[in-house]
Amino acid sequence: MSAWVLARQHVACRALSLLLASPLALLLLIHPAAYLDAQGGYSHSLLMLVMLGISGGFVHGLGFDPRNRILSLLLGPICAWPLLGLGYCLLLQAQGLMGT
Numbered sequence: 017m018s019a020w021v022l023a024r025q026h027v028a029c030r031a032l033s034l035l036l037a038s039p040l041a042l043l044l045l046i047h048p049a050a051y052l053d054a055q056g057g058y059s060h061s062l063l064m065l066v067m068l069g070i071s072g073g074f075v076h077g078l079g080f081d082p083r084n085r086i087l088s089l090l091l092g093p094i095c096a097w098p099l100l101g102l103g104y105c106l107l108l109q110a111q112g113l114m115g116t
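Mapping the sequence shown onto the numbering used here, position 12 (from 1) lands on 28, and the numbers just tick up by one.
Do not take every clue at face value.
Here are the simulated distance ranges between beta carbons [unchecked claim]: (1) Leu108 to Ala31: 18 to 24 Å; (2) Leu32 to Leu87: 18 to 24 Å; (3) Leu87 to Gln55: 35 to 41 Å; (4) Ala31 to Gly56: 32 to 38 Å; (5) Arg83 to Tyr58: 32 to 38 Å; (6) Leu62 to Leu35: 18 to 24 Å; (7) Leu78 to Ala54: 33 to 39 Å; (8) His26 to Leu52: 34 to 40 Å; (9) Pro48 to Arg83: 31 to 37 Å; (10) Cys105 to His26: 23 to 29 Å; (11) Ser38 to Tyr58: 19 to 25 Å; (12) Ser38 to Gln109: 17 to 23 Å; (13) His47 to Met114: 16 to 22 Å.
Calculated directly from the structure, the hints in this document are not laboratory data.
Ideal placement from N, C-alpha and C gives every residue a C-beta, glycine not left out.
Let's have the full structure, built from the sequences with the hints guiding it.
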């Protein structure tokens, strides 16, 4: 593959990270009650993982590459995208759009 094609894919992955992280971050800041289940509770540990995914989405999406290997793994797309997916699943489950 040429360098131009790889650069375009890199930009697309960064844009995807931002597009996945932004709505979740806004929803958690503006309307956190959207994550409450039918009993009015939520899982703190799962939301903490979702917030790690949101952080990773912003870090990767804005183009920051940590030098530390552990931080690079935690804040990169390999870890962030599944955690962002978890956030969307939790949201759908809390809204009653996805079964338990």
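Each hint tested on the structure:
| no. | hint | result |
| --- | --- | --- |
| 1 | Leu108 to Ala31: 18 to 24 Å | holds (23 Å) |
| 2 | Leu32 to Leu87: 18 to 24 Å | holds (20 Å) |
| 3 | Leu87 to Gln55: 35 to 41 Å | holds (36 Å) |
| 4 | Ala31 to Gly56: 32 to 38 Å | holds (36 Å) |
| 5 | Arg83 to Tyr58: 32 to 38 Å | holds (35 Å) |
| 6 | Leu62 to Leu35: 18 to 24 Å | holds (22 Å) |
| 7 | Leu78 to Ala54: 33 to 39 Å | holds (36 Å) |
| 8 | His26 to Leu52: 34 to 40 Å | holds (38 Å) |
| 9 | Pro48 to Arg83: 31 to 37 Å | holds (33 Å) |
| 10 | Cys105 to His26: 23 to 29 Å | holds (27 Å) |
| 11 | Ser38 to Tyr58: 19 to 25 Å | holds (21 Å) |
| 12 | Ser38 to Gln109: 17 to 23 Å | holds (21 Å) |
| 13 | His47 to Met114: 16 to 22 Å | holds (18 Å) |
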